[in-house]
Amino acid sequence: MALLSASGVSLAFAGVRALAQIDLQIEEGELLGIIGPNGSGKSTLFNVLSGIYRVDDGSIVFRGQRIEQLGVAQIVRCGIARTFQNKRLFGTMTVLENVVVAALKGAQGSALGDVLGLRSAAQARDKAVAIADRCLALTGLTQSRELLARDLPYGAQNRLELARALALEPTLLLLDEPAAGLNPSERAELRELIRRIHGEGLTIALVEHDVRMVTGLCARAIVLDHGEKIADGASAAVVRDPRVQAAYFGVVEGEEEAHGV
Amino acid sequence: MFDQLFIGGLATGCIYAVVGLGFTLVYRTLRMVNFAQGHVFMAGAFLGLVIAERVRLPALPLLLVVGAVAFALGMVLERLVFRRLYHNHEVFIVGSIGLGIVLMNGVRVFFPEPVPFPKVFGSTVVQIGTARFQEAYLWVVVSTLVLVVLLHAMFTYTRTGRALRAVAADAEIAGTVGVNVNRAIAFTFGLSFAVAAIAGVLIGPLYFVSFDMGDMVGLKAFSAAVFGGINSIPGTILGGLVIGVLENFAGGYISSAYKDLVAFVILLVMLIWRPTGLLGRETPVKV
Amino acid sequence: MKIGKLVGTIGAAACVVMAMPALAQDIKLGVVAGMSGPGTSYGIGIRQGAEMAVKEINAAGGIKGRKIALVVADDASNPAQSVTAMQRLVNEPVDLVVGGWGSSQVLANMDVAERAGLPYIVVGATNPKITTDKNKWTFRVIFTDSVQAEQIADAAVKRLGMKRIAVIHDANDYGVGNRDIFLASLKKIGIEPVAMVSYQSADKDFTAQLSRIREANPDGLAIFGTIPAAPAIMNQARDLGIKARFIGTGGLANENLMTLSPKASEGTVLTTYFHEDVDAQARAWADRYVKEFSGSAQPPRPVLAAWEYRAIKFIAAPCLESSGTDKEKLRQCISRWKGKLFSVPGEAYFDKTGQLIQQSVLVEVGNGAFQAFKGK
Amino acid sequence: MTAFRISQRGWIVVAALAALVALPGYAPQYLVHVANFILIYTLPVIGLGFLTGFTGRVSLAQGALFGVGAYTTALLTTKLGWAPLATLVPSVLMTVVLAVALGGAAVRLAGLYFVMATIGIQQIVWLVLMNWIELTNGPQGVRSIPAIGLGGYELETPQRFFFLALAAAGISYFLAKRVIGSRLGLYLRALSDDQLAASSVAVEVGRAKVTALALSAAWAGAGGFLYAHYVRYIHPDMFGLEASVLYLVMSMFGGYRSIAGMIVATAILESATEYLRPFGEFRMIAYGMILLLGMMYFPKGILTLVRRRASAPATEKS
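Protein chains in written order, with our numbering: chain B, 1 to 261; chain E, 1 to 287; chain Y, 1 to 376; chain X, 1 to 318.
The shape of chain B in the complex, shown without the other chains (with noise of 0.2 Å):
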């Protein structure tokens, strides 16, 4: 049974249909890849299924449970993590309290006992800590553990929010273009990090208009056009597919000369 299936998701802002009877499957352990020409709807898809916006109808199901109409914060609990295209962190907050934050998972425990200083209280935090420093060294950016997150180079901001999706111990991690404005040798760079998390067993749903970047890393992907899924399938066969290719304007036969729009 999937892990998470969404069927007949549509969303409409003021007319303009965002998202039209969308249907979609992410398998246990699986890293799919989500490709499609700017303004297709990739982040419109993962800003519904992290609850930012609701859906008009057609329902989500994650693990057995319907999750279309919880808020952010409830479906983030239930196991489902995501990072954005454009990096909000927190810049005020030093690297390690951005991943700490996350790996407090919300606990709301008593703020009475934090102020105390009870026992419990203090555990929670050092638990929360030890994650953090774990996703920290995962995303090699502990030695600037106690840097402030908007004084850190963009390249480090970006594994930054990957490290804070980490801590939160996801079943489902959403990737929202990670590879946004890297250069290549952080693009090769980021490939293996998402390999090696993969690897551990993580399921990874990737919104990218790189393709290479998705072939490399992905045996299935969809690829979505104005609302529409138009292709589902093995990733190298889904992107010679002709409406693929109409979908991304002349991307001419080969390899080399795939590029992003």
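Treat each hint with caution, since some may be false.
To be verified - DMTMM-like, lysine to aspartate or glutamate: derived pairs with alpha carbons at most 20 Å apart:
{"id": "1", "chain 1": "E", "residue 1": "Lys119", "chain 2": "E", "residue 2": "Glu172"}
{"id": "2", "chain 1": "Y", "residue 1": "Lys129", "chain 2": "X", "residue 2": "Glu134"}
{"id": "3", "chain 1": "E", "residue 1": "Lys119", "chain 2": "Y", "residue 2": "Glu347"}
{"id": "4", "chain 1": "Y", "residue 1": "Lys163", "chain 2": "Y", "residue 2": "Glu192"}
{"id": "5", "chain 1": "Y", "residue 1": "Lys28", "chain 2": "Y", "residue 2": "Glu92"}
{"id": "6", "chain 1": "Y", "residue 1": "Lys313", "chain 2": "Y", "residue 2": "Glu347"}
{"id": "7", "chain 1": "Y", "residue 1": "Lys263", "chain 2": "E", "residue 2": "Glu172"}
{"id": "8", "chain 1": "X", "residue 1": "Lys79", "chain 2": "Y", "residue 2": "Asp111"}
{"id": "9", "chain 1": "B", "residue 1": "Lys87", "chain 2": "B", "residue 2": "Asp210"}
{"id": "10", "chain 1": "Y", "residue 1": "Lys134", "chain 2": "X", "residue 2": "Glu156"}
{"id": "11", "chain 1": "Y", "residue 1": "Lys136", "chain 2": "X", "residue 2": "Glu156"}
{"id": "12", "chain 1": "B", "residue 1": "Lys87", "chain 2": "X", "residue 2": "Asp193"}
{"id": "13", "chain 1": "B", "residue 1": "Lys87", "chain 2": "X", "residue 2": "Glu134"}
It is worth saying that the hints were derived from the structure and are not from the lab.
This one's a predicted model, so the numbers in the text were calculated from it and none came from an experiment.
Given the coordinates of chain B, assemble chains E, Y and X onto it according to the supplied hints.
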């Protein structure tokens, strides 16, 4: 008693509406609230007083002169002061509160005592049904109507009007299509100062003018703008009129102690129930 | 002219800071009042009265050769700040305090004087709660709302023949204090008010309240409020067609009443604390006072200036002369004081609650000025 | 080198504290009186700091909430004869309940709407204090509120009260540091940086904001409690919009998120209000100018200018 309260309420409602327009104009273009607006209204009244005492202008020229001077003052202050306050809400709000305090106490140095305003709009008492009121009340209502029509015409038919609407919709895009955004913002402040100053002159003869007259009127006008819809001009006008009339009814029929409560209870309820106000539309929040 | 006014005010403000440099052996007399904020005109009147009295006393050799130095504290007509202002005088330290305007402010700052054991003569607050059997160090020369409200109620029915009396009052201490005593006095004479409404001091529009009053078509309208609300009520009442004659107490006793409502205030009858025409000495003082202070930024306010002047010249000075600056002796001297004051008919004396018992003065507004009330 | 620097700074702090504790001994009573006001005002200002500094929410109702705390204890002590200290918890609770009841829904709204709602709350509370005469004596205010007695030792004079005020300010500072360092503090700072990102890392944004509002009300209520038993006469006008503006300015001037900065700003601005007193209107003009120019040139608060830290300004360690 009903018609006396209604017409009285209508006149005060017009003042809240016109001063409220000042809030709406600035909010539409900048998503900021200028808390010195009430004191600009007060300064307009004193400006009218000084001019009327020195130059014996009849009503209409007085309104136009005060409007023009306030317009210029608004443009200048936008360039010198407000432009440096656009960092975020908090900085703009506290900065405008500071400007309000300076304006109020600056006027108090020259006019520590309430002063009668010359009867520029005539002083004969008019009678409609059992309601009796000064001629000046008619001036308030008529001027408000004229002002609204002029503003509406300006926004729909003139080039500057369209430019202002573009900036209100999305300043970045407006900039890219050739609208001089800074000039449009300065123009908006000029307009909001002029509108408030005219309201000050209109109300002058009805009551006395005093340095602290801006506080309560400013807060009530603010509630009117939120109630009607802070990004919609017709909404603010409607909000002002409704609050003005309801206030008078509460004072007349229930108890005058809670006359002021009406505006603030409406403000609070509206914010929670419909923050965009009666006629306001949702201002899109970009994710 | 405007610039002159500005310089005048800076001058006034500056001198407050210097405040006649107090030499070591000078007697320090504290003055607390609201010289900014809503009560500015009342506060400055008090300061002028003090300056005039002290200048005359010092010119005549002071108190046994010791000069009196004024220490002025502006409480901005705000209760919270009046506590701090009095604390400053206690801390100076001053030998006694003569001043105080606004019942809320005096109710706040008198406790500081009581706790510090500092004689405090109140000149500008009429709420009855200030002088009770509990206060030991606080005296009051201006008579309370109760005396004035009783007298105006009596005059309204007996001398003005009013039958249908309506009441509009400020929601502050002054308004509420006067209303309660006025209604009690009317009840004693068997008259019920036909309408009663209240308003907030900062209100500008009174159509709501006055419409209710017009419904009751009264022949007399008692206004217990201060400037600028009272003249605004008078103007708007006449606009609404209310013909009733206006009556009131000390809150209306301010020349600004006639400047703000020149036509509507005609014929108003009110009790007041001071009037030039009651006796020759009052007229002489008034002329000297107006001549001395007409140049300053504030138009002269004789009413409270007169009380401050009389309290210092005829009560504080003689007691300082006889019992020096020992606080307890000074207090006893004041409490036993008895004597004649200009513009006060008959003799006045302090009762055991520290209230100066005296006859009040009835005046009428006639062609823009207060005139002694002569009957109808 | 850092070891030396800390001990040198440490010494300054210790010396300053010693001077402060001994203040009633050598300072004139009037100075102690102003110091008491400063210490009392740090409570509503720090309370407001939870909202402005740490949650990015501006509130103009702190003056009214301060008043609710003051009136609760004043009425309980004068009308029901409760002992002053017994009314501390009720005063704080009443303020929190009222703040959350009136502002709980509004605090979740976008920043600008929340400011508007707090103005409504401020005016409503003031009007009720002024007009519900049977409960609050309205414009007559509440008189002869008893002083706080500690073991039969009445804190009547400014000198005696000073130690209670100092202790209260100390506890308030210490507790505030703990709150900011706690998980809640982390959530508040996160949501004020980027609310959407915060909710997408499982932070219950709505609940955190209401908690911040409740905390700011609790601090205001405690401050009101102290104020009532120090001034011992309260009047609605002491808790008007001007008071809210005063606390907002103090909390914003202290520096974006520095509690120590807020305390220093409170000291500077409160003593400025006192020592500019003889200048009447000019005092208020100066005050307005400080506000305006301060926001124009130091939007992040004057004291962040003073701090010369290199890269990472002093952040509260988690």
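Are there hints from earlier that the structure breaks, and if so, what are their numbers? Numbers 1, 3, 7 and 13, in rising order.
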